[in-house]
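Undergrad: Model the placement of chain U on the given structure of chain G, informed by the hints.
Protein chains: 2
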Amino acid sequence: MITSIHNPRLKELRRIARRRDGRFVAEGEDLLAAAEQAGWPALERFVAAGSGLAGEEVEPEVLHRVSALRSGTRAIAVFEQRWSPPAGPLAVALWGVGDPGNVGTVIRAAHAFGAASVVLGPDTADPYSPKAVRASMGAIFAVPVARATTVGELPGPVTALAARAGAPLRGPGEGTILVGAERDGLPHDVLEAAHHTAHIPIHTESLNAAMAATVALYELSRVQRA
Amino acid sequence: MITSIHNPRLKELRRIARRRDGRFVAEGEDLLAAAEQAGWPALERFVAAGSGLAGEEVEPEVLHRVSALRSGTRAIAVFEQRWSPPAGPLAVALWGVGDPGNVGTVIRAAHAFGAASVVLGPDTADPYSPKAVRASMGAIFAVPVARATTVGELPGPVTALAARAGAPLRGPGEGTILVGAERDGLPHDVLEAAHHTAHIPIHTESLNAAMAATVALYELSRVQRA
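As they're listed, the protein sequences go chains G and U.
Per the numbering used here, the very first residue in the first sequence carries number 366; after that it's consecutive.
Per the numbering used here, the very first residue in the second sequence carries number 366; after that it's consecutive.
Bound-form chain G, shown alone (with noise of 0.2 Å):
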């Protein structure tokens, strides 16, 4: 049983958590039983002494203590990060969306919803970030995750969210939906690029980035509820 918070171990788990160089932290077992069901299996395992959980046994302060989420969890995991292709028929898109947590529900949208991919754009917060995992609720290890530098990588056709320009969006239908930084939007390039330009109607100046994506991933993925 691990007892010291000096043990290298953990150490290399804390230093995982803020650095993530190709690895990422997951805590809790709902996470981790999400892991599971992928396929996807934990480097490291370490649970609370006395859990009952399968893993190297950790005093339970001592857990608290390299948690990074600070919230009693029993069981925490280092996994190996997966990146994909960008990948249809159904993706979505943040660009400058710097909130992990919106990442995060984003990411549990897709799953939701039955998108094949999230993309992340510039400038847009790690998605193996302990905010962003836990936000998705295990999502982020049964959607794949891409990265894109340019709306041309991107699954089409691409359809940018914007607040007020373009016709409603109204589904079915299939491609990338890009989403922008809730008060900046997206870049003037951006909406060049893309395809098509819609908005969700709404009677105040604006959704927040993982609100928009979730009500547009329900619109456009309407034609399986037919």
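Source of the hints: derived by calculation from the structure; they are not laboratory data.
Pairs of lysine to aspartate or glutamate, DMTMM-like flavour, derived with a Cα cap of 20 Å: (1) U:K496 <-> U:E377; (2) G:K496 <-> U:D464; (3) G:K496 <-> G:E394; (4) U:K496 <-> G:D464; (5) G:K376 <-> G:E409; (6) G:K376 <-> G:E421.
Just so it is clear, the structure is predicted and the values come from calculations on it, not from any experiment.
TA: Chain U in isolation, oriented as in the chain G frame:
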């Protein structure tokens, strides 16, 4: 200018942020602008000295220390709470939704999709808590909030959202969308008391309360876009 954390008015501000006996605290210029736009006057208004904002000046470091959100805000104000009766034609009700961020996000979605009120049922987070107010992005000043303890108090027809039961939710529609806690859903007697049960078709087990309510409000407000 206020230069001490021990200033009695700042102490009172912190007390209200914690206890909220009929008043509440909102932080940040965007939120205070939303209050002004809604014609909801501040009882007290504290601003960072040198910011040029209107209000009682406070040394920035001291203002930071009284902030509940610790987000470097330059303006904090105290308001009277307002409670309305549950109102339609379209309302959303939360039952057992304990996370204040979710409650605030639902208030924001209600504003975006034109709901007439947000009704807070039993065991639901306080919409006037600092986190809920912040997550509402100012919508707390625009959408009437109400309390209820029974389904009978909600504007009808009441549609209970379930993970799997009932028909797929189809708009346009009126009445109340009733949303429960993510894990536990709605209690059996609450489901029984609703007029309809419906679900949002998803590939996974659940959406969180805020995502589910957002999609449901979008779907029911569809008539306005026909």
